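A.B. asks: Using this note's numbering, the first residue of the sequence shown is number 90, and each one after it goes up by one.
Think of the hints as simulated: they come from the structure by calculation, not from any bench. Among the hints, erroneous ones may be present.
[To be verified] No more than 27 Å apart at the CA atoms, straight line, and that leaves these computed lysine-lysine pairs for DSSO-like:
| no. | residue 1 | residue 2 |
| --- | --- | --- |
| 1 | K372 | K248 |
| 2 | K127 | K465 |
| 3 | K393 | K465 |
| 4 | K192 | K127 |
| 5 | K346 | K372 |
| 6 | K224 | K285 |
| 7 | K224 | K192 |
| 8 | K475 | K450 |
| 9 | K127 | K450 |
| 10 | K224 | K346 |
| 11 | K248 | K192 |
| 12 | K219 | K248 |
| 13 | K285 | K346 |
| 14 | K346 | K250 |
| 15 | K250 | K224 |
| 16 | K219 | K250 |
Keep in mind the model is a prediction, meaning the values are calculated, not measured.
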Amino acid sequence: MLRRAAVASCLALLAACDSENGGRGAIADVANTEWHRKDLNVHLSRWLAVAPTPSGLLQAQFERSWLPASRIPGDLTGHSRMVYTMLIGYEATGDARYLEVGKRGADLLLTTFHDPLHGGFFQGVDAQGKPVNMKKNSYGHAFALLALSHAARVTGEPKYKEAALAAWHDIRNNLRDPAGGLRSSAPRDFTPAPEKYLSQNPIMHMFEALLALIDATGDQQVVADARALGDFVLNRLMIGLPDGGAYIPEWYDLQWKPLANDEGYIDIGHQFEWSHLLRSAEKRGLPPLYSGVADRLLKFAVAKGYDEQDGGVFNRIYTSGQVDRGKFWWQQAEGMKAFLAVAQRPEMARRYEETRELVDKEILDHDNGGWRFGAKETCARVNCGKIQPDPYHLVGLDWMALSTKR
Numbered sequence: 090m091l092r093r094a095a096v097a098s099c100l101a102l103l104a105a106c107d108s109e110n111g112g113r114g115a116i117a118d119v120a121n122t123e124w125h126r127k128d129l130n131v132h133l134s135r136w137l138a139v140a141p142t143p144s145g146l147l148q149a150q151f152e153r154s155w156l157p158a159s160r161i162p163g164d165l166t167g168h169s170r171m172v173y174t175m176l177i178g179y180e181a182t183g184d185a186r187y188l189e190v191g192k193r194g195a196d197l198l199l200t201t202f203h204d205p206l207h208g209g210f211f212q213g214v215d216a217q218g219k220p221v222n223m224k225k226n227s228y229g230h231a232f233a234l235l236a237l238s239h240a241a242r243v244t245g246e247p248k249y250k251e252a253a254l255a256a257w258h259d260i261r262n263n264l265r266d267p268a269g270g271l272r273s274s275a276p277r278d279f280t281p282a283p284e285k286y287l288s289q290n291p292i293m294h295m296f297e298a299l300l301a302l303i304d305a306t307g308d309q310q311v312v313a314d315a316r317a318l319g320d321f322v323l324n325r326l327m328i329g330l331p332d333g334g335a336y337i338p339e340w341y342d343l344q345w346k347p348l349a350n351d352e353g354y355i356d357i358g359h360q361f362e363w364s365h366l367l368r369s370a371e372k373r374g375l376p377p378l379y380s381g382v383a384d385r386l387l388k389f390a391v392a393k394g395y396d397e398q399d400g401g402v403f404n405r406i407y408t409s410g411q412v413d414r415g416k417f418w419w420q421q422a423e424g425m426k427a428f429l430a431v432a433q434r435p436e437m438a439r440r441y442e443e444t445r446e447l448v449d450k451e452i453l454d455h456d457n458g459g460w461r462f463g464a465k466e467t468c469a470r471v472n473c474g475k476i477q478p479d480p481y482h483l484v485g486l487d488w489m490a491l492s493t494k495r
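Sequences and hints are given; from them, build the entire structure.
C.D. replies: Here it is, written out as C-alpha cells:
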C-alpha cells in the first residue's frame, strides 16, 4: 500500500502539470517512454526478421521460438496487421526496410488478396497467391482497410489513398447490414447468406479503420460514415447503467439483441478499446459526445474489470455476473491505451503504471522476446499455448506512448 501511495503521488504531480491540456501532453509526462521504446524495438526487429516471405506475403503465426507455426501465410487479417506493424516501424525508426516491406504487403492487398470480379478481399491465399478462402470476412476487411489507410498516410502515394477509399466503398455497399451494423461474413459475391450470431468486434475494428482513413484522406463522407457506424453502436448496442457507466455486449442475435446466455458475455478489453477509440474520434470531426460515452465505458470497465489489488485487466464478464479474472496480453495493452488516453487523471495514470509493471514482470517473454499470452496465474489455469501473439495490439500501445514525444 505504501508503494502504491508513492506511485500515485508521483503520477499525480506529473498529470497535474497537464490537467488543462489533456491527452497528448499528459501521455508524454506519464508514459514510461524508455520501456515502450525498448518494447517497440524488440517487436519491430523480430517481426522484420521473420514475417516477410519471398512472395511478399507476411507471416503472422510463429511459435515462441520464432519458428513458423503455419504453412499458409496468406491470411487477410494476419497479413494486414503485419502491414500496419511495418508502417508503424518506419514511422518510429525511419528505417527504409520497414517501408519497403510495408509497401510490398500493401501492394499484395491490391493484387493477390483483391477480388477483381466482385470487389473486396479474399480471406485466404496460398504462398503462390492462389485464393484458398474466397469468403468476405468483415473482421479481415477492417484490418485490410486499416493497413491501406496507414499506407496512404505514411507514404503519401495516391494509389493507396484511392485503394483505401475503394475498399471502404466495397465494404459499405456489401457488408453493412440493414440495421446499420456489419455482417460477419459473406460469400465471394456478397449475396445474402445465413448467419447464426452477430458480433460488435468487426464493427469496432471497422470504426478504428475509418478513423485511420479520415487521417489519411480528410474525406468528409468518411467522417459521416464513421459517425453512422459509431452512432449505431451507441444507440443500438450500448447498454447504459444507473450509475452512469455503460457497456457494449460482445454477441447478438440477428436482430442485434444481446445473447441472453453466457455466449453473450461482455469482453472487458473491448470496453477499454472502445473507450480510447471514441475518445480519439472528436479530433477527427466526430461529436464531442463520443468522449462522454468513452468515460461511461471506462467507468464500467474499471469498476468491473480492473484488478485494484494486483493491477491488470480481467478477461470477461458473463451474463450470470461471473467475472473471468484471466489476464491475457491484448487486454492489458488496450487497458493501458485507455488509461494513457486520460493520463491527466491521477487514478488512471496509476492504473497504467500498475498494468505496465504486471506486463513487465509476468507477460514479457524475456527469454524469447515478444509477449506471452497471459500472466503467470492465468496460464497456470488455462492453456496459453506456445504461439507468439501478433504485434498489432502491442505496437499500437508502444507507438501511442512514444508518438507524443515527437
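A.B. asks: If you draw a straight line from the CA of K248 to the CA of K192, is it 27 Å or shorter?
C.D. replies: Measuring from Cα to Cα gives roughly 11 Å; hence the hint holds.
A.B. asks: Keeping to a limit of 27 Å between CA atoms, is the pair of K285 and K346 held or broken?
C.D. replies: holds, 13 Å
A.B. asks: Are the Cα atoms of K127 and K450 separated by 27 Å or less?
C.D. replies: holds, 15 Å
A.B. asks: Is the Cα-Cα distance between K224 and K285 27 Å or less?
C.D. replies: holds, 16 Å
A.B. asks: K250 and K224: Cα distance at most 27 Å?
C.D. replies: holds, 24 Å
A.B. asks: Can you confirm whether the C-alpha distance between K192 and K127 stays at or below 27 Å?
C.D. replies: holds, 25 Å
A.B. asks: Please work out if K393 and K465 have their alpha carbons no farther apart than 27 Å.
C.D. replies: holds, 21 Å
A.B. asks: Does the structure keep K346 and K250 at a Cα separation of 27 Å or less?
C.D. replies: Violated: K346 and K250 sit about 36 Å apart, past 27 Å.
A.B. asks: Assess, step by step, whether the Cα of K475 is no farther than 27 Å from the Cα of K450, and give holds or violated.
C.D. replies: holds, 19 Å
A.B. asks: Straight-line Cα separation of K224 and K346 no greater than 27 Å?
C.D. replies: Holds, at about 25 Å.
A.B. asks: Does the alpha-carbon distance linking K224 and K192 stay inside the 27 Å limit?
C.D. replies: holds, 24 Å
A.B. asks: Does K372 lie within 27 Å of K346 when you go C-alpha to C-alpha?
C.D. replies: violated, 31 Å
The structure fails to meet hints 5 and 14 from the earlier list, while all remaining hints are met.
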